[in-house]
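Next come the chains, spelled out residue by residue.
4 protein chains.
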Amino acid sequence: VVTAEHAIDSLIEAARWMSARGLLPATSGNLSARLSETHAVITASGVDKGSLRPQDFIVLELHEPPRPGTSAETPLHLRLYRDDADVGAVLHGHSMVSTLMSQRGEREGGLRLHGYELQKAFAGVGTHDVTVEVPVVPNGQDVEALAGIVATRLASRASGVVHAPCYLLAGHGFYGWGRTVADARRHVEALDFLLGCELEKARMRP
Amino acid sequence: VVTAEHAIDSLIEAARWMSARGLLPATSGNLSARLSETHAVITASGVDKGSLRPQDFIVLELHEPPRPGTSAETPLHLRLYRDDADVGAVLHGHSMVSTLMSQRGEREGGLRLHGYELQKAFAGVGTHDVTVEVPVVPNGQDVEALAGIVATRLASRASGVVHAPCYLLAGHGFYGWGRTVADARRHVEALDFLLGCELEKARMRP
Amino acid sequence: VVTAEHAIDSLIEAARWMSARGLLPATSGNLSARLSETHAVITASGVDKGSLRPQDFIVLELHEPPRPGTSAETPLHLRLYRDDADVGAVLHGHSMVSTLMSQRGEREGGLRLHGYELQKAFAGVGTHDVTVEVPVVPNGQDVEALAGIVATRLASRASGVVHAPCYLLAGHGFYGWGRTVADARRHVEALDFLLGCELEKARMRP
Amino acid sequence: VVTAEHAIDSLIEAARWMSARGLLPATSGNLSARLSETHAVITASGVDKGSLRPQDFIVLELHEPPRPGTSAETPLHLRLYRDDADVGAVLHGHSMVSTLMSQRGEREGGLRLHGYELQKAFAGVGTHDVTVEVPVVPNGQDVEALAGIVATRLASRASGVVHAPCYLLAGHGFYGWGRTVADARRHVEALDFLLGCELEKARMRP
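Residue numbers (our numbering), protein chains in the order written: chain S, 1 to 206; chain V, 1 to 206; chain F, 1 to 206; chain E, 1 to 206.
The following block holds chain S by itself, in its conformation from the complex:
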């Protein structure tokens, strides 16, 4: 159990960092943290994420429908908390890198990373010499339905690959999570770095 004050402080700081990095453009994105087995806090809809205040957060009951005022994307957060008790924080943003790479990976349903030392920033990955997959799901405006599609995709892992603790919605952005806000932030930073490397490779002459 985490106090709401501590969770909110961590999320405000993570949002400031994400905003400065261009991961939350035009008031987009949302951030949440688990408080207990049954509750979490999430950012309110439509506010500028670079300068959040404690009153910009809403308490969620994890096993109830989202309350009014929460972001339309709340069901995607709820599903991650419900399906995995180890998820303690979820960060959603829209970098250019994740927008572009998600569109490149949409047809294959995922992007594969291999040979990068920074893969080790993902919890559970101990070497550059493993293939890490970032699942990609088509975007949709029916968010309850989308949450189900995402859950199905996350549960289906190809043999010989490890899933990164994150996924992409095509043309939309990334969801990343971890046991703590600090872990989720490290995962999001590594994801943006590694997808940025892949984007650069798509630019270079062979």
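Each hint should be verified, as a subset may be incorrect.
Claimed, not checked - Simulated restraints, written as ranges between beta carbons of each label pair:
1) V:Thr152 with S:Asp84: 53 to 63 angstroms
2) S:Pro54 with F:Val162: 51 to 61 angstroms
3) E:Ala202 with V:Lys201: 17 to 27 angstroms
4) E:His6 with V:Arg112: 54 to 64 angstroms
5) S:Gln55 with F:Ser36: 52 to 62 angstroms
6) E:Glu5 with F:Ser51: 14 to 24 angstroms
7) V:Gly46 with S:Val143: 43 to 53 angstroms
As the list claims (entries may be wrong) - Below, a sample of chain V positions facing chain S; criterion: calculated Cβ distance under 10 angstroms:
8) Thr127
9) Glu189
10) Leu194
These are computed hints drawn from the structure, not numbers from a lab. For every residue, glycine included, the Cβ atom is placed at its ideal position computed from N, Cα and C.
Position chains V, F and E against the provided structure of chain S, taking the given hints into account.
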């Protein structure tokens, strides 16, 4: 009716943000906000937009010719306020992204965006699954004539597309607007992100 | 006549801005300002340009050989002040953009810009519809000889083009100048923006 | 002999600068400085390098196996100090530029730089007209073995080239060093600039 003090404070903050993002290079760009049905405030010509002070603004009468000391581009602001009572603020800047993409879109008279979640940052756009057009007009140094050409272009919308609340002058930069300074700023940020994605696609191998 | 204190303050602020923009990497670059018909101040060699102090400047006699402790590149500054009484400040830096574009323009002896509104940031340019040339000179370690080669190149202007108030040394960086430090800084910012646009065009698919 | 307090202050400041430049993503990287012929200080494992405190450093005995709590990469630091008494500081980070360029240079065992004025930022290089080689070594998770492979590679210099005071691990990042923390930082900044130029050339149309 908005007080001049409040409008100026919002514009100073928006200019600081635009300047830090590289949208106002080399003292370029200008920002304005509507005060009433008949008046607006606009930045004076030639000052560094990253550190504006209240004395760097000039009050405009919307239905009179521009006063001395205002930017040469003032007629482009005036025309937007005159033609649409819902325009409450206009932000003009020169990012590299808008300069380059405007040149790519000049022959077609516009750039089309489709499939991006961030399109929803534009007022009136509720889904990624619609085509949003950003009108592009050739640049010109006769600004009164240019204002008329822009107005004609904005009034002409192809079927099946929605216009973004912004346009580009080729090789020059962007104009973006909204009901409030905050809305205009969100539109400008989304425009720069989305044009940046399109520019990246022009760089990548297919 | 400008007081040394005022000139140094302006250069410290310009260096901080250039450093934050990546124009002075690895203690490179140097900045100077004219004090009178016979004297100027210039940054000392080898110091970090992001945090200059008044004691990091040296007074130069414009018509004498450079004093010990001044940068090896001092003759390039002196020559500009001697050849044009309107030169009041000279800023030299090493952006990636100017390094790369200077190598692309070396064989032709210059880079030509056309159709950009931001060309108007250069003193004496009033329209996007003119061709502006940025002279490019091969790099060399004999700086006295190099100063003469630069002067000859600057004096030779092709018909139908305007020279920008700046030049590039191939694989090295840019020199930009103006009547005041503020003018020189505006020229350097516009140069980096416009060369950045040209570099992007070299990246894009046609 | 350098006091531990002074060495740690310099490393904290260097880490803040590297972090702001994106050279230490996702808590990666490590920094060290020599205290004497027999001792050095190094950053502890897993902490955020943008906000280091004095208690985040560990004293190393240069000729002993690494102590518990030190980074897994400590043997790579130790080997540099043992093999060259002039090495006073070692900075290791993971920029996107060095990750990508190291993969491009892996097969050849190095990257060659020529014709850049900024090469002169490397100690011992006095002209753009020399070929500077940055050695590249395949990555590995057995760090003691890797330290030996690196040492062998550094000792083998092709004729006609100068080695930069740095090397790359493929898909991993850079190691840079110097007599002082300031020298090592200048070398790392120049390396990132020059590899960035080479990466841009791989993007451009010929």
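Cross-check of the supplied hints:
1. Distance hint check: the CB atoms of Thr152 of chain V and Asp84 of chain S are about 56 angstroms apart, consistent with the given range 53 to 63 angstroms.
2. With their beta carbons about 57 angstroms apart, Pro54 of chain S and Val162 of chain F fall inside the hinted range of 51 to 61 angstroms.
3. Between Ala202 of chain E and Lys201 of chain V, the C-beta spacing of about 18 angstroms keeps the proposed range 17 to 27 angstroms intact.
4. For His6 of chain E paired with Arg112 of chain V, a C-beta distance near 59 angstroms keeps the hint of 54 to 64 angstroms intact.
5. Between Gln55 of chain S and Ser36 of chain F the C-beta distance comes to about 59 angstroms, which sits within the given range of 52 to 62 angstroms.
6. For Glu5 of chain E and Ser51 of chain F, the hinted distance range of 14 to 24 angstroms is satisfied, since their beta carbons lie about 21 angstroms from each other.
7. Judged by the Cβ atoms, the range 43 to 53 angstroms given for Gly46 of chain V and Val143 of chain S holds: they are separated by roughly 48 angstroms.
8. Hint status for Thr127 of chain V relative to chain S: holds, with the closest Cβ pair at about 5 angstroms, below 10 angstroms.
9. About 4 angstroms separates the beta-carbon of Glu189 of chain V from the nearest beta-carbon of chain S, less than 10 angstroms, and the hint is met.
10. This hint holds: Leu194 of chain V has a C-beta 9 angstroms from the nearest C-beta of chain S, less than the 10 angstroms allowed.
Of the numbered hints listed earlier, not one is contradicted by the structure.
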